[in-house]
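Peer 1: Model the full assembly from the supplied sequences, consistent with the hints where possible.
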Amino acid sequence: MLLIKNGRVVDPSQNLDAPAQVLIRDGRIAKVAERISAADAEVFDAKGLIVAPGFIDLHVHLREPGNEHAETIETGGRAAAAGGFTSICCMPNTTPVNDNAAVTQFIVETSRRVSPVNVFPIGAISSRSAGERLAEIGQMHRAGIVGLSDDGRPVMSSGLMRHAMEYSLAFGLVMIQHAEDLTLTQGGQMHEGVQSTRMGLRGIPGSSEDVMVARDILLAEQTGARYHVAHLSTARSLELVRDAKRRGLAVTCEVTPHHFTLCDEDVRDYDSNYKMKPPLRSRADRDAMIEGLADGTVDAIATDHAPHAGSEKMQEFDLAPFGIIGLESAVGLALERLYHPKHVTLSRLVNLFSCNAARVVELKDRGTLKPGSHADVTLFSTDRAWKLDANQSASRSRNTPFDGREFRGGPEATIVAGRVVWRRA
Amino acid sequence: MSNAAMPKSLLGIEELSASQIQAILERARIFKPVQTQGRKMDRLKGKTVIHLFYENSTRTRLSFELAARRLGADTTSITAQSSSVQKGESLLDTLNTLAAMRPDAIVMRHSASGAPHFLARHLATTIVNAGDGTHEHPTQALLDAFTILEHKPVLNGLTVAIIGDIAHSRVARSNVLLMGKFGARVILCGPPPLLPPELKELSPCVSLCHSLDEAISGADVIMMLRVQLERQNEVYVPSTHEYFQYYGLTLDHMKKAKPDAIVMHPGPINRGREIAAEVADSPRSVILNQVENGIAVRMAVLDLWIGPPTQPDPEKTMQPQMNADERR
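Residue numbers (the working numbering), protein chains in the order written: chain V, 14 to 438; chain G, 9 to 336.
Note that these hints are calculated values from the structure, not bench results.
Some hints here could point you the wrong way.
[To be verified] Ranges between beta-carbon positions, derived for each pair:
{"hint": "1", "chain 1": "G", "residue 1": "Lys266", "chain 2": "V", "residue 2": "Glu252", "range": "30 to 40 Å"}
{"hint": "2", "chain 1": "V", "residue 1": "Asp279", "chain 2": "G", "residue 2": "Pro246", "range": "36 to 46 Å"}
{"hint": "3", "chain 1": "V", "residue 1": "Asp279", "chain 2": "G", "residue 2": "Gly191", "range": "22 to 32 Å"}
[As the list claims (entries may be wrong)] One side of the interface only, derived from the structure: several residues of chain G facing chain V at Cβ under 7 Å:
{"hint": "4", "residue": "Glu97"}
{"hint": "5", "residue": "Leu99"}
{"hint": "6", "residue": "Gly122"}
{"hint": "7", "residue": "Phe126"}
{"hint": "8", "residue": "Thr142"}
{"hint": "9", "residue": "His143"}
{"hint": "10", "residue": "Pro205"}
{"hint": "11", "residue": "Glu286"}
The structure displayed is predicted, hence computed values, not measured ones.
Beta carbons are placed, not taken as given, at the ideal position from N, Cα and C, and that holds for glycine.
Peer 2: Structure below.
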């Protein structure tokens, strides 16, 4: 038994924001109340901290199997814990691709053994994510996937996407799209705009995302499938999602911390830590992300944690792979960019990281502190000063543009199934 | 001006001030007679310059090599084919290896925009950018300015028309930046897919147009760009034939230009593709002057970046030396 005392409990799933105690028993939430008497319980003093339902990252690359030099299920899991996440969803673009039950099983079993946080695999939509024929979705579903995506290799064929959406209905799986029309982005290195023109780097136009989101929403409307836009990055795509929601479609989206923090003007010195897909967009796009996060159009904050070995990133900008790590900086950035400037309330912030995220992939009894649910709890501070040191990261990779950034508030402890798996030193 | 006033590396025109550019052009004027008379100096005696070319370029490499040798430097050249790229070594490792051999400067060309900028952040050696991807080609813009100033008194107030594949041209970018620093007007012209509207934001001196006639009427300088087919994995224009019809410079067009307008081209030229042979060979073409001036300008760059702090004296050239074989 664990009793979390002296904290401020913020749980949007119960409309709760008050000083309260949380009692955990047998890996489940037993009770949340102003005063709980449990004399034999171990006490966790959460004085000055926010006690929230465990944070869920919908978009993580763990690189195992196949690229363990960049990240493993264990190191990625530890980085997640250190970032305040109790659950992560891992994308299928491993080697081999998670397109069959054997790979899914491997991830599920390995993570149970080595990861301090819950790992929920996302299965590939198409075999080898090659965009040609459907992967064995049903068998992966039985093995434990919680969603479908060909992340990094968008489904270009409208016919296949329609077919996949229809097929997914049988299993109730959400279709997660990395929205990018590859014919518009070929060779692109950064957002197409003044900065790319100045730097002589090939552009990735915002329209490459928009046309894909528009197409998919039309297909989702036709098929009735649940559709989720991964790492949405443009104002126009956000508008499309807003409109789809208004029309009552089952369309959701996530935004990464780097897309609500940075923009293309920040790409400097050909530093590949600013190279990711989708690219850092225009200043107007970035501001639109904040607006969408504030007004509820955006459902979740997801990191798109994409570890790459130092040697891979230490290259010419053109050659460096896309992506940055993000698990350990996410909460700090959300506080800095969203909460402190008063764009969102604490309750909304927690919602974006937990309840809403759980809803996107339908994680049962998570993203909430209701009695009976899994005892996944994130404790964070809104004002403690700390500095991100990439070299101290639990991740196996160091590719972040936020190294050395000073934060006001961030994760303090992570509790998974009633066990404290991480605590700020 | 002493060497200390220059940045550690010459990465682009963007990082240079107008007075730094002026200092380079002034020094090039001192070196030009040395170049035209085929003499040598010993300003860079004992210095080593490595030319590292990851992209084919006979003319720029040769121009740099001759410039270094005219000043007495030891030079060596490495091309991508002969280097360890093929053995899978990263660019940074290759450069670290070369830097450990203590050259005074590494002149490099690379197909990736920003490659020299990336290296300059990690190396102590002076790097001279001889063209990076579709970003900058600073010595080309410098030699273009030098050449223009042989025909026009000042850059301020001039109208320079640059025509061709602007989107992928490092020559255009560097020239726009340079002209902007000296108050010249630049008209960029080409088919719309090769002329993104964002180019206007490069400098307030820039305007865009899609008609060749419009671009060159009133221009003091007409700069034609090579249609760089090797940099395009997409089709931007239907055919080279159609391209020439709309954007190829012919004698007919020249009638609409100012009578004293000069025609430039960074080379290598494609006769009949972007410029008619008669224009390239006409008295208004200064294309070969550009080539010749390139050496003087690159001498100036090397001298200012790695040479002695004293002013060069063109009269103090090296005595012709008998080589060992002749002495015997």
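Peer 1: Each of the hints needs a verdict: does it hold here or not?
Peer 2: To see whether the hints hold, each was checked on the structure:
1. One distance hint, 30 to 40 Å for the beta-carbon pair G:Lys266 and V:Glu252, is violated here, with the actual separation near 49 Å.
2. Between V:Asp279 and G:Pro246 the Cβ separation comes to about 38 Å, which falls inside the hinted range of 36 to 46 Å.
3. Evaluation of the 22 to 32 Å hint for V:Asp279 and G:Gly191 yields a pass: the beta carbon distance comes to about 31 Å.
4. Taken as an interface hint, G:Glu97 does not check out: its beta carbon lies about 11 Å from the nearest beta carbon of chain V, beyond 7 Å.
5. The closest approach between the C-beta of G:Leu99 and any C-beta of chain V is roughly 6 Å, which is under the 7 Å cut-off, so the hint is satisfied.
6. Interface restraint check: G:Gly122 against chain V, minimum CB-CB distance 3 Å, threshold 7 Å, status holds.
7. Nearest Cβ of chain V to the Cβ of G:Phe126: about 5 Å, under the 7 Å cut. The hint holds.
8. Of the supplied interface hints, the one on G:Thr142 holds, with its beta-carbon coming within about 4 Å of a beta-carbon of chain V, less than 7 Å.
9. Look at G:His143: its Cβ gets to within about 3 Å of chain V, closer than 7 Å, so that hint holds up.
10. Among the interface hints, the one on G:Pro205 is violated; its C-beta lies about 9 Å from the nearest C-beta in chain V, farther than the 7 Å criterion.
11. Using the Cβ-Cβ criterion of 7 Å, the hint placing G:Glu286 at the interface with chain V is not satisfied: the shortest such distance is roughly 33 Å.
Hints 1, 4, 10, 11 from the list above are not met by this structure, while the remaining hints are.
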